[in-house]
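Chains as they are written, first to last, in our numbering: chain A, 8 to 313; chain B, 104 to 438; chain C, 4 to 258.
Since the hints were derived computationally from the structure, they do not count as laboratory data.
C-beta: ideal position from N, C-alpha, C; glycine also.
Wrong hints could be hidden among the right ones.
Pairwise CB distance ranges, derived in the manner of DEER restraints [to be verified]:
#1 Ile223(B) / Ala138(C): 40 to 46 angstroms
#2 Ala99(A) / Ala138(C): 33 to 39 angstroms
#3 Leu227(B) / Glu229(C): 44 to 50 angstroms
#4 Leu174(A) / Asn47(C): 48 to 54 angstroms
#5 Val303(A) / Gly9(C): 56 to 62 angstroms
#6 Glu127(C) / Tyr141(B): 43 to 49 angstroms
#7 Leu124(B) / Leu267(A): 51 to 57 angstroms
#8 Leu422(B) / Thr66(A): 40 to 46 angstroms
#9 Ile223(B) / Ala149(A): 30 to 36 angstroms
#10 Gly17(C) / Leu141(A): 55 to 61 angstroms
#11 Tyr96(A) / Arg231(C): 39 to 45 angstroms
#12 Ala99(A) / Glu229(C): 55 to 61 angstroms
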Amino acid sequence: MDPSLLLEQTLNGLTLGVMLFLLAAGLTLIFGVMDVINLAHGSLYMAGAFASAAVTARTGSFAAGVLAGIAVGAAFALVLELALIRRLYARAHLDQVLATFAVILIANETVKILFGPQPIFAAPPPALAGSVELLPGVPYPAYRLVIIAVGLLAALFLWWLIGRTRLGMLIRAGTTHRCMVQALGVNIEVLFAFVFAIGGALAGLAGAMAGPILAVQVGMGEQILILAFVVVVIGGLGSVRGAFLAALLVGLTDTMSRALLPSLMRDLLPPAAADQVAANLGSVAVYLLMAVVLAVRPRGLFPAHG
Amino acid sequence: MAEAQATARVGLDGVVALCGLCLLAAAPPVLEHLQADYLLPTLTRMLAYGLAAAALDLVLGYGGLVSFGHGAFLGTGAYVAGALLQHASRGTPVLAWPIMVPGSTEALVILPAAAAVAGILAFLIGAISLRTRGVHFIMITLAFAQLVYFLVLAVPEYGGTDGLMLSARWRLAGLPVRGDAPRYWIALVLLVLFLLAARRAMEARYGLALRGARQNERRLLALGYPVYAIRLLAFTASGACTGLAGALLADVAMFVSPDLLSWQRSGELIIMVVLGGQGTLIGPVVGAFTLLALEEELSALTEHWMLVLGPILLLCVLLFRRGIWGQVIGAAYPG
Amino acid sequence: MLRTPGEPVLEARGLTRRFGSLVAVSEVSLDLLPGECHAVIGPNGAGKSTLIGLIAGELVPDAGTVLLGGEDVGRLDPAARARRGLGRTFQIAELCLEFSVRRNVLLAVQPRFAGPFHFLRRAERLSQLAAHVDAALVSAGLIDRADLPAATLSHGERRQLELAVVLASRPRVLLLDEPAAGLGPSETEALANRLAALKGRFAMLLVEHDMDTVFRLADRITVLAEGRVIASGLPEDIRADRTVREAYLGEMVDA
Numbered sequence: 008m009d010p011s012l013l014l015e016q017t018l019n020g021l022t023l024g025v026m027l028f029l030l031a032a033g034l035t036l037i038f039g040v041m042d043v044i045n046l047a048h049g050s051l052y053m054a055g056a057f058a059s060a061a062v063t064a065r066t067g068s069f070a071a072g073v074l075a076g077i078a079v080g081a082a083f084a085l086v087l088e089l090a091l092i093r094r095l096y097a098r099a100h101l102d103q104v105l106a107t108f109a110v111i112l113i114a115n116e117t118v119k120i121l122f123g124p125q126p127i128f129a130a131p132p133p134a135l136a137g138s139v140e141l142l143p144g145v146p147y148p149a150y151r152l153v154i155i156a157v158g159l160l161a162a163l164f165l166w167w168l169i170g171r172t173r174l175g176m177l178i179r180a181g182t183t184h185r186c187m188v189q190a191l192g193v194n195i196e197v198l199f200a201f202v203f204a205i206g207g208a209l210a211g212l213a214g215a216m217a218g219p220i221l222a223v224q225v226g227m228g229e230q231i232l233i234l235a236f237v238v239v240v241i242g243g244l245g246s247v248r249g250a251f252l253a254a255l256l257v258g259l260t261d262t263m264s265r266a267l268l269p270s271l272m273r274d275l276l277p278p279a280a281a282d283q284v285a286a287n288l289g290s291v292a293v294y295l296l297m298a299v300v301l302a303v304r305p306r307g308l309f310p311a312h313g
Numbered sequence: 104m105a106e107a108q109a110t111a112r113v114g115l116d117g118v119v120a121l122c123g124l125c126l127l128a129a130a131p132p133v134l135e136h137l138q139a140d141y142l143l144p145t146l147t148r149m150l151a152y153g154l155a156a157a158a159l160d161l162v163l164g165y166g167g168l169v170s171f172g173h174g175a176f177l178g179t180g181a182y183v184a185g186a187l188l189q190h191a192s193r194g195t196p197v198l199a200w201p202i203m204v205p206g207s208t209e210a211l212v213i214l215p216a217a218a219a220v221a222g223i224l225a226f227l228i229g230a231i232s233l234r235t236r237g238v239h240f241i242m243i244t245l246a247f248a249q250l251v252y253f254l255v256l257a258v259p260e261y262g263g264t265d266g267l268m269l270s271a272r273w274r275l276a277g278l279p280v281r282g283d284a285p286r287y288w289i290a291l292v293l294l295v296l297f298l299l300a301a302r303r304a305m306e307a308r309y310g311l312a313l314r315g316a317r318q319n320e321r322r323l324l325a326l327g328y329p330v331y332a333i334r335l336l337a338f339t340a341s342g343a344c345t346g347l348a349g350a351l352l353a354d355v356a357m358f359v360s361p362d363l364l365s366w367q368r369s370g371e372l373i374i375m376v377v378l379g380g381q382g383t384l385i386g387p388v389v390g391a392f393t394l395l396a397l398e399e400e401l402s403a404l405t406e407h408w409m410l411v412l413g414p415i416l417l418l419c420v421l422l423f424r425r426g427i428w429g430q431v432i433g434a435a436y437p438g
Numbered sequence: 004m005l006r007t008p009g010e011p012v013l014e015a016r017g018l019t020r021r022f023g024s025l026v027a028v029s030e031v032s033l034d035l036l037p038g039e040c041h042a043v044i045g046p047n048g049a050g051k052s053t054l055i056g057l058i059a060g061e062l063v064p065d066a067g068t069v070l071l072g073g074e075d076v077g078r079l080d081p082a083a084r085a086r087r088g089l090g091r092t093f094q095i096a097e098l099c100l101e102f103s104v105r106r107n108v109l110l111a112v113q114p115r116f117a118g119p120f121h122f123l124r125r126a127e128r129l130s131q132l133a134a135h136v137d138a139a140l141v142s143a144g145l146i147d148r149a150d151l152p153a154a155t156l157s158h159g160e161r162r163q164l165e166l167a168v169v170l171a172s173r174p175r176v177l178l179l180d181e182p183a184a185g186l187g188p189s190e191t192e193a194l195a196n197r198l199a200a201l202k203g204r205f206a207m208l209l210v211e212h213d214m215d216t217v218f219r220l221a222d223r224i225t226v227l228a229e230g231r232v233i234a235s236g237l238p239e240d241i242r243a244d245r246t247v248r249e250a251y252l253g254e255m256v257d258a
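Make the full structure from the sequences, and use the hints.
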């Protein structure tokens, strides 16, 4: 692969990576602090994307759209926590799976009624619609660079929040010494709701940012949710640092395998078949990565629980 | 006295199950009489899903392991059946290398092959997944099922996202299987055989060990039980029987959809088990019938039937944890 | 030192385990002779639970190993050690609570006759198993509750059941992790009687807080403090040992 293509694919991989991180960070925190599996996390992402697309179309302001996406993601997460998840903390994981699966069904159908089954294509804001010439003769869409920047800023924010604040101290304690937090007399319910809202806000942000590069449509949450699960598993449940590294690893693996396989396949197969084979085998690479990591380290790269 | 109660409970359970079996056995002639035999393929589908759900119950209800990847085994069984039938009708081999595998239209070849391939897959996935616990296990089985999904879609010969249309149907012991009733009988016999065998195994030494490990893994390990191997066997057997159900689905529909491999299908299988009553074997069959009937009825009623199914499911999780069968026979979730 | 003849059935050699910067167990060596009751005592945080975990195989040592009947089992998992004759009770009785009392014992009896991979005959109907199960239930005084779910038993009864389960598995070595914890005085007395009756038939490693029970049962006592062995010997020597009194016994006796 020539260097300019390599640079482009690396950046594409990072774009996917930071998007996955925004989702996986929330998932891994929710698991780590509350020991809850939330399948409906992808629905928060979808809600953020639709809210953002709708508000952007209405107001013409992309920034307003992104803020709406974050707000809707956080609000949806809060409602979900207060109305449902709260009843499931003490329940078996199976009950959590089923209940949040039901939420997916309801959320998807509601969005279908509100926005219709057709995908919405959102445009990036005009100021970011162009390309930046990274190297002479290597243009790259400015908007994607912004996504990477936003993702890295979000990671930095989380690092500050978890590593440098009292709240973060409680979150860290919650993932490793659950009883201790309770013993400190902290209002656990508020802490849990807050962690959920942070997760929702990050998912909403991811949805809002994804709008202009992916189709905004029903079911978009589940596709990325499963990849985010892979990230969480590879990174180690409950570890935000692990989620960050694993997200970049998964993003790069996915993008690179998709970029490299078609040319390999075209040598072996007729072109039409080659693309189909390559596209699907490209998706397989990420799961193979997960299998290899798990075979070596069953608890992921950076497990949070001792 | 507790012993007497237990016997009575088993009795009620058995009586209701026997009545159900009589109803199912009477279905083909009755439906034919009512000129409603167009329903038979639907019932066959329900039986096949019942088999898949009961097979999942071994892992989920008795083993306490939440597998979110059983769609992979269902789909694998279906694709194995589809591939054998397809290649047989085209006269091409399924595999030319490393060993020569010809196509086949013989059910006595197809069904064991579907179970074997799905079982091997389950063994491999289980061997890695069972090293983990809880949420980890759920996510990993889900991810492995996605891997299988994309792998199968990558094979252009089998139709990719369009699925695989079958032009041939299977024969049984060399004889053609004509009409819907014989297909129904095949499915019913397989389901009943599975239920009898699984019920036996769950009351035998193996079953006690599997169920004990769900309740207290630490105790079982401290008594020297090889818990990992016990669970891996349950996972493998469950995957194989789910594959068998997939093969039945392929034949009855003459079509193999990649949807069978999807994570939604894995989720639906879990719903069937819990809706019917986990850890009861018969419950999941009841759950399969209920969910499929509900889907059929609701989708005829409204395009947005998911909006009805979702809340029903939520209510079940929050309020009726024993499932339909558990409520009927009044049994607590068994150990 | 009084020694019953024979090779040790259990031996810990230089066991060390750290958690982060904390050294929970440091170079602990001890042995257990056939038929002997060897008690391990020490104040809270002395590393007794960690030591039990290391011997049973639930924890992996940073250094040192464990020998069972002369065989090095240091790299084996808990189940493999159990199959070589290591039976144990836990601080909180570990039982299959949804199963009946009878089934809990059955689970302990059946591995003696064959592995778990038997699928055909109902386990309860196997007469060769049933006789052993009934005998175990009778001697534990639980025969009249045999068909109740284990979850319905009281705390003390669960301990009795767990002991019955472990004995039914016919171990060579019995690890008892604070068997009297949470029991009332009369229950503790009954337990001590039961353990006294087992003396000589099983080699017992007893970790216990209740000093009356320890001094009544133990042939030898090892004292742990801050992860190290500070004394080991006959009960009367330990009772008289000045360091032990200062580190531990004194406060207990005064309290």
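Do the hints match the structure? See the list:
Checked against the given bound of 40 to 46 angstroms, the beta carbons of Ile223(B) and Ala138(C), roughly 44 angstroms apart, stay inside it. Our hint of 33 to 39 angstroms for Ala99(A) and Ala138(C) holds, since their Cβ atoms are close to 37 angstroms apart. Distance hint for Leu227(B) and Glu229(C): a CB-CB separation of about 47 angstroms, consistent with the stated range 44 to 50 angstroms. Checked against the hint of 48 to 54 angstroms, the C-beta distance between Leu174(A) and Asn47(C) comes to roughly 33 angstroms, which is inconsistent with it.
Our hint of 56 to 62 angstroms for Val303(A) and Gly9(C) is violated, since their Cβ atoms are close to 44 angstroms apart. With their beta carbons about 47 angstroms apart, Glu127(C) and Tyr141(B) fall inside the hinted range of 43 to 49 angstroms. The beta-carbon spacing between Leu124(B) and Leu267(A), approximately 56 angstroms, falls within the hinted interval of 51 to 57 angstroms. Checked against the hint of 40 to 46 angstroms, the pair Leu422(B) and Thr66(A) passes, with Cβ atoms roughly 43 angstroms apart.
Restraint check, Ile223(B) to Ala149(A): a C-beta distance of roughly 50 angstroms breaks the suggested window 30 to 36 angstroms. Between Gly17(C) and Leu141(A) the beta carbons are some 60 angstroms apart, a value that agrees with the proposed interval 55 to 61 angstroms. Taking 39 to 45 angstroms as the suggested C-beta distance range, the pair Tyr96(A) and Arg231(C) conforms, at roughly 41 angstroms. For Ala99(A) and Glu229(C), the Cβ-Cβ distance of about 40 angstroms falls outside the hinted range of 55 to 61 angstroms, so the restraint is violated.
In this structure, the hints that do not hold are numbers 4, 5, 9 and 12, in rising order.
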